[in-house]
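Participant: For the record, the sequence lines run as chains U, X and H. Counting from 0, one number per residue, gives the positions in the first sequence under numbering that gives the first Met the number 0. Counting from 0, one number per residue, gives the positions in the second sequence under numbering that gives the first Met the number 0. Counting from 0, one number per residue, gives the positions in the third sequence under numbering that gives the first Met the number 0.
In short, the hints are calculated from the structure, not lab data. It cannot be assumed that every hint is accurate.
Stretch-level coverage of chain U by chain H, calculated; a stretch enters the list once three of its residues show a Cβ under 8 angstroms from a Cβ in chain H [to be verified]:
no., segment
1, 50 to 64
2, 74 to 81
3, 90 to 104
4, 109 to 119
5, 160 to 167
Examples of chain H residues toward chain X, derived with CB under 10 angstroms [what the hints assert, rightly or not]:
no., residue
6, S76
7, I111
8, T161
9, I164
By construction, the Cβ of each residue, glycine as well, lies at the ideal position given by its N, Cα and C atoms.
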Amino acid sequence: MDMLFNLVLVALMGLIAIIAGIFEDLESDVASTSNPNSQVQLAPQVGNLHKLFNRAVSGEPVLMGTTATIAGSIAYVLFTLNYPVVLVLLISALIATLVQVILSITSYMGRITSQALYNQPLFLDVLIKHIPISAAHAFITLFSITTLSYIMVYLLDPAVPLSLPVTALLMGISLGTIGSAIGDIHYGAEKLYQNHEFGSGIAVSNNGNIATKSPLGSRNSIDVVRFCSKFGGPISGLCFGLIIFLTFWINLVFGINYGLIAGLIIVLLFFILNIIIEKNARINFGKYEK
Amino acid sequence: MWELLISLIIGSTLIGIGVHFIPVGGAPAALSTSAGVPTGAPMITIGMGITGILSAALAIGQPNYIIALSGAVGSMIMMSITMFFSNVIHIYGVGVPLASSNFEKDPLTGFEQDAFVSPGTTGHGIPTISYVSGLIGSLLGGVGGSLAFASIYSTFSTYLNYSTVINGTLATIFSLMLFFIVAVMASYNIGGTIQGFYDEKFKQKIISGTISCFIISVVLSLVYVFIIWGLIYG
Amino acid sequence: MAEDLIPNQIIMLVTLIISILCIYGSQIYLVGGILVIIASVLATAYATNTLRHIGKYSLGTGVPSIIYMLMAVALVSYVSAILISSYLKLSIAFPIMGILIAIILSYIVSMICKHIFKIQVEILSKAFISITLASLIVLISMSCLIAHTYNQSVIYEEVIQTGLILLIMIMAVMAIQNPYNSCMGPNEDQYRTLSLACSNAFLMLMVISIISILNSQFWMLYLLISLIGWIVFFRKYVIYTKQQAASIRRFGLWPIDDGDD
Chain U
0 MDMLFNLVLV
10 ALMGLIAIIA
20 GIFEDLESDV
30 ASTSNPNSQV
40 QLAPQVGNLH
50 KLFNRAVSGE
60 PVLMGTTATI
70 AGSIAYVLFT
80 LNYPVVLVLL
90 ISALIATLVQ
100 VILSITSYMG
110 RITSQALYNQ
120 PLFLDVLIKH
130 IPISAAHAFI
140 TLFSITTLSY
150 IMVYLLDPAV
160 PLSLPVTALL
170 MGISLGTIGS
180 AIGDIHYGAE
190 KLYQNHEFGS
200 GIAVSNNGNI
210 ATKSPLGSRN
220 SIDVVRFCSK
230 FGGPISGLCF
240 GLIIFLTFWI
250 NLVFGINYGL
260 IAGLIIVLLF
270 FILNIIIEKN
280 ARINFGKYEK
Chain X
0 MWELLISLII
10 GSTLIGIGVH
20 FIPVGGAPAA
30 LSTSAGVPTG
40 APMITIGMGI
50 TGILSAALAI
60 GQPNYIIALS
70 GAVGSMIMMS
80 ITMFFSNVIH
90 IYGVGVPLAS
100 SNFEKDPLTG
110 FEQDAFVSPG
120 TTGHGIPTIS
130 YVSGLIGSLL
140 GGVGGSLAFA
150 SIYSTFSTYL
160 NYSTVINGTL
170 ATIFSLMLFF
180 IVAVMASYNI
190 GGTIQGFYDE
200 KFKQKIISGT
210 ISCFIISVVL
220 SLVYVFIIWG
230 LIYG
Chain H
0 MAEDLIPNQI
10 IMLVTLIISI
20 LCIYGSQIYL
30 VGGILVIIAS
40 VLATAYATNT
50 LRHIGKYSLG
60 TGVPSIIYML
70 MAVALVSYVS
80 AILISSYLKL
90 SIAFPIMGIL
100 IAIILSYIVS
110 MICKHIFKIQ
120 VEILSKAFIS
130 ITLASLIVLI
140 SMSCLIAHTY
150 NQSVIYEEVI
160 QTGLILLIMI
170 MAVMAIQNPY
180 NSCMGPNEDQ
190 YRTLSLACSN
200 AFLMLMVISI
210 ISILNSQFWM
220 LYLLISLIGW
230 IVFFRKYVIY
240 TKQQAASIRR
250 FGLWPIDDGD
260 D
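Could you build the full structure based on these sequences and the hints that come with them?
Facilitator: Structure (structure tokens):
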């Protein structure tokens with residue numbers, strides 16, 4: 000019975016992690032964070048003024064780690080004061096989202112103002128349109144992360160022997176790393192450079208030459224989310240969900256010692272899959288003609 | 000205490016060496032302009048080390064080498080899944096084959112590289128040899144981080160009568176700090192992008208990287224042992 | 000980066016003297032919390048201003064990495080200072096010990112960068128030491144606000160064992176590196192960046208005030224003071240932004256020709 004309860008919990012954790020991963024990556028797309036943002040920043044310098052939401056709070060892992068830790072710590076304090084669980088999870092995610100909103104506003108204003116040399120105007124409608132959407136994505140992510148940490152620390156048996164703020168920090172930073180290592184490629188290499196040919200990397204000479212117009216008027220970052228939610232976001236979510244699920248599942252089902260062997264087999268499996276897709280891609284795409 | 004000192008030095012030196020093995024492309028890799036994992040070297044190392052620490056924390060109560068191994072397996076799972084899905088986006092989302100112009104031929108699969116690199120870039124995605132290098136890096140980093148975690152945890156649980164949660168929290172804070180310092184120092188040594196052990200740059204950088212990581216490990220480990228000695232007898 | 004309107008040395012002197020005095024005043028009934036708030040805001044501004052100087056050199060990886068590495072160094076020296084002062088049973092030694100250890104450790108780190116990695120930046124050691132000191136002061140003052148004293152054994156129980164130190168650490172990283180990162184560019188301005196740094200510090204102090212609900216009955220007062228401080232500096236930031244932006248538009252497209260509106 001105990002085993003069954005734990006298995007259900009681990010499956011639930013995997014599910015919540017998938018949701019957290021999807022929305023984390025989409026949040027970084029709607030409020031352009033991380034590595035592709037270097038191109039949005041470069042665009043005015045090469046003469047492409049734009050209406051994208053150019054925000055540079057910090058790298059994705061640090062931003063996600065900060066907001067997740069704030070949510071986790073407030074949840075920890077409120078749990079100590081014996082508030083009901085659902086209320087605590089909601090309040091803590093809400094406060095952390097407020098912090099994220101303020102950081103987004105100041106970062107957009109700062110970066111754009113520092114580009115006054117290139118005549119890039121500060122658009123207030125961009126601010127008003129994008130903030131609620133990025134906040135909504137951030138709220139779902141933070142709520143999922145806090146719930147995930149809550150399950151790990153208080154419900155799982157045997158629980159993770161760490162306190163809630165520490166667990167939230169670990170989850171936040173690792174989610175941010177995954178979001179920036181996976182989902183951002185779809186945004187940076189494909190959506191920002193839709194005016195370039197599909198199926199090639201972006202040459203250094205084209206850096207900053209991003210698409211700034213959509214079929215109707217100017218492109219905004221909400222178009223980016225719609226595009227990335229079809230592939231980049233779900234894949235990031237799947238990756239984070241699989242990592243959380245497999246890490247706990249192998250220990251639970253095979254025990255610690257056999258879990259090591261199972262883990263190695265999983266690693267090998269992904270290695271083989273990687274070779275297969277690499278080979279297929281080479282056969283299907285062919286060489287580049289110079 | 001000697002045991003703690005030696006395992007801390009070995010652990011953090013392993014973290015520093017592991018960073019050099021991970022194929023890192025930095026910001027250009029997010030645009031398919033260069034090959035590697037598209038994020039900074041310190042961040043991917045810290046993310047990987049964190050998963051290792053989490054799975055090491057799940058194995059608490061076992062002997063030290065089992066904790067270290069399970070941390071390594073956790074890091075390897077994280078790294079292999081991340082690199083795999085990163086390649087999936089490169090192939091099916093951007094439509095580029097995996098190649099890097101830092102070497103001519105992949106020694107494992109025998110795939111030719113230069114003809115598959117799009118003009119004006121230095122590669123895209125993580126080719127097989129870099130993938131293997133990333134796995135080695137995550138193995139070293141995971142073993143290093145969770146060795147530090149396990150030795151600090153076992154010292155605490157032997158000498159201090161705190162609860163498991165407090166011991167685990169303290170050990171996590173200490174081993175996380177090792178990652179924060181050593182990973183950043185190692186990436187200053189790398190200076191930008193690297194494509195794993197088959198890259199020419201790796202051979203130039205690894206010796207100075209190992210020496211510097213060893214020095215900073217010794218300094219940090221001495222401070223750590225001093226702190227933990229103070230916690231126990233202070 | 001624009002020229003300094005306020006010299007870094009003056010910010011350094013003011014910060015070091017005032018914040019150390021403020022930390023020693025943190026045990027005073029009611030006023031202690033307010034003093035600590037002042038200390039952490041000053042230290043954040045000092046660290047950001049130093050980062051503006053070192054950030055324009057490329058060290059090989061992103062700018063935030065400097066801050067979180069030095070913050071980790073500061074945290075290690077913070078924990079060792081706690082242990083030394085509890086070994087000596089002398090809580091008054093805790094902040095001074097922390098500063099001494101932080102100087103030594105960050106000097107070693109900068110020497111490794113200089114001589115082994117061959118990073119040729121003149122102000123490297125000075126900047127690393129300054130940022131570590133400022134980070135240490137932020138860490139100490141924020142944990143004083145949670146524990147409501149600078150007594151090392153209380154801090155050890157309330158802040159370190161619960162894991163809240165990691166919250167303080169990552170929030171300090173965010174408060175220090177975010178102003179630099181988000182105001183970077185050709186038209187960067189010291190007043191604007193520092194007003195954003197102060198505003199961020201107050202934002203983080205609001206979160207800390209909510210956390211301090213466990214130990215202090217005055218958490219509402221501290222929350223109110225941080226809120227007022229945040230509003231003041233946020234307004235200042237918005238005013239500087241309005242003065243310095245190329246143009247502000249509520250709708251429409253960007254200008255087509257050069258600069259004509």
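Participant: Hey, does the H/S76 contact hint survive, CB to chain X under 10 angstroms?
Facilitator: Nearest chain X Cβ about 8 angstroms off; hint holds.
Participant: Taking a Cβ-to-Cβ distance below 8 angstroms as contact, does the segment 50 to 64 of chain U have at least three residues touching chain H?
Facilitator: Result for this restraint: holds, n = 9.
Participant: Taking beta carbons only, do three or more residues of the segment 160 to 167 of chain U come closer than 8 angstroms to chain H?
Facilitator: Coverage by chain H holds for the segment 160 to 167 of chain U (5 residues, Cβ < 8 angstroms).
Participant: Do at least three Cβ atoms from the segment 74 to 81 of chain U come closer than 8 angstroms to Cβ atoms of chain H?
Facilitator: With 4 residues close enough to chain H, the hint holds.
Participant: Check whether three or more residues of the segment 109 to 119 of chain U sit with their beta carbon closer than 8 angstroms to a beta carbon of chain H.
Facilitator: Result for this restraint: holds, n = 11.
Participant: Regarding the hint that H/I164 lies at the interface with chain X, is the smallest CB-CB distance below 10 angstroms?
Facilitator: Hint on H/I164: holds, closest Cβ of chain X at ~7 angstroms, below 10 angstroms.
Participant: With chain X as the partner, please determine if H/I111 meets the hint condition of a C-beta pair closer than 10 angstroms.
Facilitator: holds (5 angstroms)
Participant: Report holds or violated for the interface hint on H/T161, using the least CB-CB distance to chain X and a cut-off of 10 angstroms.
Facilitator: Because about 7 angstroms separates H/T161 from the closest Cβ in chain X, which is inside the 10 angstroms limit, the hint holds.
Participant: Taking 8 angstroms as the Cβ threshold, is the statement that the segment 90 to 104 of chain U is covered by chain H upheld or broken by the three-residue rule?
Facilitator: holds (count 4)
Violated hints for the displayed structure: none, as all numbered hints are satisfied.
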